[in-house]
Amino acid sequence: MIKAEHLIYRYEPKDAPVLEGVSLEIPEGQYVAVIGPNGCGKTTLVKHFNALLVPQQGEVLVDGLDTKDPGAHREIRRRVGMVFQNPDNQIVGMSVEEDVAFGPGNLGLAPAEIRGRVGVALETVGMLRFAKRAPHSLSGGEKRLVAIAGVLAMRPAYVVLDEPTSYLDPAGRERVLNVLWELRQEGISVIHVTHSMDEIVDADRVVVMSGGKIIRDGAPREVFREADVLRAVGLSTPQVTELMGRLRAQGCGVRPDVLSVEEAFREITALLGSGTGGGR
Amino acid sequence: MKTLHLGQFIPGDSPVHRLDPRVKILTVLLLSIVILNAGAVESLVVTAFLLAAVALSGLSVDRIAAALRPLAWFFAILFCLHLFFTEGRPIFSSLPTVTYEGLGLGAAVTWQFVALVVSAAVLTMTTAPSELVGGFERLLRPFNRLGVPSHDIAIMVSVALRFVPTLLEEVERMKEAQAARGADFAGGGLIRRLRKMATLVIPLILCTFRRADELALAMEGRGYHRGPRTYLRELKFTRADYAALLAVTAFLAGVEALRFLPL
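From first to last, the protein sequence lines stand for chains G and Y. Note that my numbering has the first sequence beginning at 1, numbered continuously upward. Note that my numbering has the second sequence beginning at 281, numbered continuously upward.
The set of hints was computed from the structure by calculation and includes no laboratory data. Source: prediction; values computed, not measured. A virtual CB, placed ideally from N, CA and C, is assigned to each residue, including glycine. Check before you lean on any hint, since a few could be wrong.
[To be verified] What follows is a list of derived Cβ distance ranges for each label pair: (1) Ser340(Y) with Gly126(G): 31 to 39 Å; (2) Glu28(G) with Ala459(Y): 17 to 25 Å; (3) Thr479(Y) with Glu182(G): 27 to 35 Å; (4) Pro295(Y) with Asp169(G): 38 to 46 Å; (5) Arg246(G) with Arg475(Y): 54 to 62 Å.
[To be verified] Okay, the calculated bits of chain Y under chain G, using three or more residues with CB under 8 Å as the criterion: (6) 357 to 367; (7) 385 to 393; (8) 493 to 499.
[To be verified] In silico contact screen, one side only, chain Y against chain G (beta carbon under 8 Å); selected entries: (9) Thr404; (10) Pro445; (11) Thr446; (12) Arg453; (13) Ala457; (14) Tyr504.
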């Protein structure tokens, strides 16, 4: 479990804090989406999870290890993998496989073990046939997948991804999201920071941040039901949820917490059915 | 995008390609010593050795020539300097005087540089950059105790190499962005071209610092720490590598010994 308690953090002593007392618990195996407008502290928060930032006040415990203890950093970083926004700036190796081997090499594993892990990690993200390629010859989506594989090779219990689908074409985005879903199926916690509401409707949990605080924390259905709360901080709801909201504003009796196209379809056909059937 | 030609790795499966990088690096080191000490007879033997190495490596003569071509002017000037400014018996009594000694010395010195470049080119053209870095790292490892941080040097070099194409792309992007706003990179005198380069160099440096910052964070996040680490491929000498190293060392020692024979 990752446990943050009363986290306060400011980049400059005189500035207003970026995090103003954030408390959060993420159990193992959960898919957590973190959303919020730019500058709300999402990235600052998740950097605390693998000790890239250390709390100025409050504390962060990763499976009981305190991130304030420098001696625990190696183990914390092994358990909590971090995929940054720009894959170009996190690929170290001269080839895909060497890059994926970077983490396990830092752990001091034997070459045979490294080889095995590199194979499994590349297989998981579907990039095995690119093993020998040079990173700069890959597409944006492929680079993201390599960055994810690099983290997976450390066998983490939690993977934090900061806007993993930004700048990707629809196909690349789809591949990245499928991989994230697969990680969840394998029991790895996914902490997914994003601006896209549509890609997190299947998350176990959505954490909404604004102004350095968590303002909502719950299942996607609960969170997206309150469209006005989200709108007030500059966020939107998934497209279908938005559509249902507008229908309700027109006086139609549909549910406000619809998340998928199928659900929306059922709601609308029911509405049309009752409309023609009732006739009033 | 422009490709780098100077000694760029050319994938292949020749006996030279398959050799352990350490064997190739040590060979080039030993060869350099022999080349810099060589007299007339030795230089013939070394030339034969280099030709054999090129033939074995399956590299075409064109490739080798391509590695030498950018240095052609350097070789020419080197040769002329020795030709004209060496004292001795004149061939022509022109001014400056061309001497027999000058001709000999010019040829010898130029040959030395050509031979050094060719041997380095065979090394880098038959060895993948990652193997080259790995080879150097492994060779430096015994000096860890003397304070040579072989692992950190290896990471530094490989990160630098990894980012060369990325930064070239970045330059192209900046050029396009500036061209889109009316900058003109073609033409103009030397001073104007240099000034235009400055408009690219400064943002490139800033960008690179930002990249370095993020990269450092990402590396830390992936558990990087100073000191020993392990690698996907640990280099291992095969019997062929031992044989090759032994043969090359014996051969080059033999060439050195030639100098002491009364020929």
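To see whether the hints hold, each was checked on the structure:
{"no.": "1", "hint": "Ser340(Y) with Gly126(G): 31 to 39 Å", "in the structure": "37 Å, holds"}
{"no.": "2", "hint": "Glu28(G) with Ala459(Y): 17 to 25 Å", "in the structure": "52 Å, violated"}
{"no.": "3", "hint": "Thr479(Y) with Glu182(G): 27 to 35 Å", "in the structure": "46 Å, violated"}
{"no.": "4", "hint": "Pro295(Y) with Asp169(G): 38 to 46 Å", "in the structure": "44 Å, holds"}
{"no.": "5", "hint": "Arg246(G) with Arg475(Y): 54 to 62 Å", "in the structure": "56 Å, holds"}
{"no.": "6", "hint": "357 to 367", "in the structure": "violated (count 0)"}
{"no.": "7", "hint": "385 to 393", "in the structure": "violated (count 0)"}
{"no.": "8", "hint": "493 to 499", "in the structure": "holds (count 5)"}
{"no.": "9", "hint": "Thr404", "in the structure": "14 Å, violated"}
{"no.": "10", "hint": "Pro445", "in the structure": "4 Å, holds"}
{"no.": "11", "hint": "Thr446", "in the structure": "6 Å, holds"}
{"no.": "12", "hint": "Arg453", "in the structure": "12 Å, violated"}
{"no.": "13", "hint": "Ala457", "in the structure": "17 Å, violated"}
{"no.": "14", "hint": "Tyr504", "in the structure": "5 Å, holds"}
Checked against the numbered hints above, the structure breaks hints 2, 3, 6, 7, 9, 12, 13 and satisfies the rest.
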